[in-house]
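Novice: So the protein sequences, as listed, match chains A and B.
Reading the first sequence from the start, the letters are residues 1 to 356 in the working numbering.
Reading the second sequence from the start, the letters are residues 1 to 356 in the working numbering.
Be a bit skeptical, because a hint or two may be false.
[Unchecked claim] Calculated cross-link-like contacts (lysine-lysine; reagent style DSSO-like; alpha-carbon spacing at most 27 Å):
#  : chain 1 : residue 1 : chain 2 : residue 2
1  : A       : K344      : B       : K355
2  : B       : K294      : A       : K294
3  : A       : K355      : B       : K355
4  : A       : K355      : B       : K15
5  : B       : K344      : B       : K98
6  : B       : K15       : A       : K211
7  : B       : K355      : A       : K15
8  : A       : K11       : A       : K98
9  : B       : K344      : A       : K355
10 : B       : K98       : B       : K256
Hints in this document: simulated from the structure, not taken from any laboratory.
There are 2 protein chains.
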Amino acid sequence: MSNFPTRFTSKVGIKYPIIQAPMAGGATTPELVAAVSNAGALGSFGAAMSSPAAIKESIARIRALTDQPFNVNLFVLGTPHPGEAELAEATQRLAPFKQALGLDPAALPPRFCEDNRAQYDALLEAKPPVVSFAFDLLDRETVAALKGVGSIVISTATTATEARACEAAGVDFVCAQGFEAGGHRGTFLGDFENSAIGLMALVPQMADAVKIPVIAAGGIMDGRGIAASFALGAEAVQLGTAFLTCAESGIHPEYKRRLLAATDDSTRLTRTFSGRYARGIVNDFVERMRPFEKDVPAYPVQNALTADLRQAAVKQNRMEYYSMWGGQGAGMSRALPAAELVAKLVEETQRRLPKT
Amino acid sequence: MSNFPTRFTSKVGIKYPIIQAPMAGGATTPELVAAVSNAGALGSFGAAMSSPAAIKESIARIRALTDQPFNVNLFVLGTPHPGEAELAEATQRLAPFKQALGLDPAALPPRFCEDNRAQYDALLEAKPPVVSFAFDLLDRETVAALKGVGSIVISTATTATEARACEAAGVDFVCAQGFEAGGHRGTFLGDFENSAIGLMALVPQMADAVKIPVIAAGGIMDGRGIAASFALGAEAVQLGTAFLTCAESGIHPEYKRRLLAATDDSTRLTRTFSGRYARGIVNDFVERMRPFEKDVPAYPVQNALTADLRQAAVKQNRMEYYSMWGGQGAGMSRALPAAELVAKLVEETQRRLPKT
Numbered sequence: 001m002s003n004f005p006t007r008f009t010s011k012v013g014i015k016y017p018i019i020q021a022p023m024a025g026g027a028t029t030p031e032l033v034a035a036v037s038n039a040g041a042l043g044s045f046g047a048a049m050s051s052p053a054a055i056k057e058s059i060a061r062i063r064a065l066t067d068q069p070f071n072v073n074l075f076v077l078g079t080p081h082p083g084e085a086e087l088a089e090a091t092q093r094l095a096p097f098k099q100a101l102g103l104d105p106a107a108l109p110p111r112f113c114e115d116n117r118a119q120y121d122a123l124l125e126a127k128p129p130v131v132s133f134a135f136d137l138l139d140r141e142t143v144a145a146l147k148g149v150g151s152i153v154i155s156t157a158t159t160a161t162e163a164r165a166c167e168a169a170g171v172d173f174v175c176a177q178g179f180e181a182g183g184h185r186g187t188f189l190g191d192f193e194n195s196a197i198g199l200m201a202l203v204p205q206m207a208d209a210v211k212i213p214v215i216a217a218g219g220i221m222d223g224r225g226i227a228a229s230f231a232l233g234a235e236a237v238q239l240g241t242a243f244l245t246c247a248e249s250g251i252h253p254e255y256k257r258r259l260l261a262a263t264d265d266s267t268r269l270t271r272t273f274s275g276r277y278a279r280g281i282v283n284d285f286v287e288r289m290r291p292f293e294k295d296v297p298a299y300p301v302q303n304a305l306t307a308d309l310r311q312a313a314v315k316q317n318r319m320e321y322y323s324m325w326g327g328q329g330a331g332m333s334r335a336l337p338a339a340e341l342v343a344k345l346v347e348e349t350q351r352r353l354p355k356t
Numbered sequence: 001m002s003n004f005p006t007r008f009t010s011k012v013g014i015k016y017p018i019i020q021a022p023m024a025g026g027a028t029t030p031e032l033v034a035a036v037s038n039a040g041a042l043g044s045f046g047a048a049m050s051s052p053a054a055i056k057e058s059i060a061r062i063r064a065l066t067d068q069p070f071n072v073n074l075f076v077l078g079t080p081h082p083g084e085a086e087l088a089e090a091t092q093r094l095a096p097f098k099q100a101l102g103l104d105p106a107a108l109p110p111r112f113c114e115d116n117r118a119q120y121d122a123l124l125e126a127k128p129p130v131v132s133f134a135f136d137l138l139d140r141e142t143v144a145a146l147k148g149v150g151s152i153v154i155s156t157a158t159t160a161t162e163a164r165a166c167e168a169a170g171v172d173f174v175c176a177q178g179f180e181a182g183g184h185r186g187t188f189l190g191d192f193e194n195s196a197i198g199l200m201a202l203v204p205q206m207a208d209a210v211k212i213p214v215i216a217a218g219g220i221m222d223g224r225g226i227a228a229s230f231a232l233g234a235e236a237v238q239l240g241t242a243f244l245t246c247a248e249s250g251i252h253p254e255y256k257r258r259l260l261a262a263t264d265d266s267t268r269l270t271r272t273f274s275g276r277y278a279r280g281i282v283n284d285f286v287e288r289m290r291p292f293e294k295d296v297p298a299y300p301v302q303n304a305l306t307a308d309l310r311q312a313a314v315k316q317n318r319m320e321y322y323s324m325w326g327g328q329g330a331g332m333s334r335a336l337p338a339a340e341l342v343a344k345l346v347e348e349t350q351r352r353l354p355k356t
């Protein structure tokens, strides 16, 4: 492995600089996380939608399945205060979809999001080997507290400016999220469109801007993308979509089929599921909500308003109403057990790297 | 050079698989094109805004400056038929900018674009070693005619589907234009947003989709991007922004300074200059026209309507009204003579490639 970059692997104590991306919403089961970590890469649990108690339980389950390092991811959120008129309008827009699934369109969610502070407190208690976060900058004190209990801290940035802010907050690594990436955009500073930067341009400019090592994420699906990321200056890579179609991934079988049938132009960014731009496979919901892209309430309000819709869509096998997050590399998806995928990624990358 | 890919260089008869991108609007002077070709890469002349006579004259000047292969680029355009109301509205929107530069806001352009057919006839007569095109698919007959007179033909695609259409039209190479790229998007099939694909995801999927070799373009600025592109499966790379700040480039000195001062988030896509999405440095014009992004007439009408504005902006050193096209890699710009830049790119790439 001597020709793989080492600044990430040596710090985390793992074999391969490959991270299975955290994905909230059931994809990253403890089985998936543990299988990836047991294969020598870094598994990640997407805990953003979990209660503090559920987070501790999931971490315990992961620990029962692996003695290797793993990562737990949270969002950084303030407390939402939506106006009544905004809620009424948003609820009305979602009514036809909820009615189609037999839901009460007027029912409001019990809460708009988990208690973010309590989620971080759960991590401080459970002390996972690695913690990553996104959506905003975690305060210096919490970063220091996480490091104080022994966790390595990764933050997400979509521009060099954001990466500098992450470095100043004291994190160990910064994850460069390219425009290609599936799921939510992590942008927290500046203009959304200016911050929609492809990985080819983002990684080298971020690597030039900060001293902490850069992790490349977005559109990477096989050894070609991994070797390319290393050439650009990344010390590790993070793959999300590539692991969604693994045997251990917890997503709906039809969602897996849609990923396996995807082409490079199957995805689009949309705010309509959650109130924050996220990339996923275009379906009926995304198309019909397109006129309201700029109008839906900001995250996490819209996310809470569509939670019952997305849950019902899964139960009723109606993927046309589900948020099928996926990146622009979805067309390269492979259905494999996670350990086999990791082994393949390593072998494919190895072949493309300069010998040392 | 034995570790560089060879399918492009061997066909074109050049030393390095590096193309200086064609850029219409004065950037790609015959001096720049010839300097790049003389350095062992492929210089490209952006001829889309030139009359058939001017195209032949420019090709003659390039031939006087180099005996090496070079490329000439055109758009593929139909005949525009804007409505009177559309023209009146568009003219009114531009009036404040034109007045600020002392122009008559009511003056209509003499024509909306050059005679596209006559431009291609000029190429068939001048027989440049390489011809590239974008914006649409060139008909099979013209592709065959260009190849018949000895020109190698390259087309531009932004999705795997478009690349397959290019291959079916008989072209020799397809240029994968990533979302990162400066200047106009080449998208000609499908939804604009679905086709906004980062190079990291686009190159491998396009390489998997077609048998003809793929050229990677967008956000590539140095050896890191070139080595990454080769790892992704590209047989050659095309760099535009990187050559804009060369000594031989014909752009305004202040435009060069803006590129050299750029960061990764300095650019945005806008239709407001030309009626077709193009990436450039955000300035006063782009910001003030932002509310009308979707409303301006389609290319080439808006392009013709802003032609006098852009010309006057250059003459009066008012870059806040000029289309400063540039890619997301602009923050890595270097001010060098073209031959020195080519030598540096080769050396930087060499260091990052696997030895054969």
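Novice: Mind checking the alpha carbons of A/K355 and B/K15 for me, to see if they're no more than 27 Å apart?
Specialist: The given pair, whose Cα atoms are some 24 Å apart, holds under the 27 Å limit.
Novice: Hinted pair, alpha-carbon criterion (27 Å max): A/K355, B/K355. Please report holds or violated.
Specialist: Distance of about 7 Å is within 27 Å: holds.
Novice: Given the proposed pairing of B/K294 with A/K294, does the C-alpha separation stay at or below 27 Å?
Specialist: 14 Å, holds
Novice: Within 27 Å, alpha carbon to alpha carbon, are B/K344 and B/K98?
Specialist: 42 Å, violated
Novice: Given the hint that B/K98 pairs with B/K256, test it: the Cα-Cα distance must not exceed 27 Å.
Specialist: Within the cut-off at roughly 23 Å; holds.
Novice: Given the hinted pair A/K344 and B/K355, is their Cα-Cα distance within 27 Å?
Specialist: 22 Å, holds
Novice: Is the straight-line distance between the alpha-carbon of B/K15 and that of A/K211 27 Å or less?
Specialist: Roughly 36 Å between the alpha carbons, so the hint for B/K15 and A/K211 is violated.
Novice: Can the restraint linking B/K355 and A/K15 be considered satisfied, given a maximum Cα separation of 27 Å?
Specialist: The hint holds at about 24 Å.
Novice: For a C-alpha distance cap of 27 Å, please report whether B/K344 and A/K355 respect it.
Specialist: Status holds; Cα separation ~22 Å.
Novice: Does the alpha-carbon distance linking A/K11 and A/K98 stay inside the 27 Å limit?
Specialist: Roughly 47 Å between the alpha carbons, so the hint for A/K11 and A/K98 is violated.
The structure does not agree with the numbered hints 5, 6 and 8 stated previously, though it agrees with the rest.
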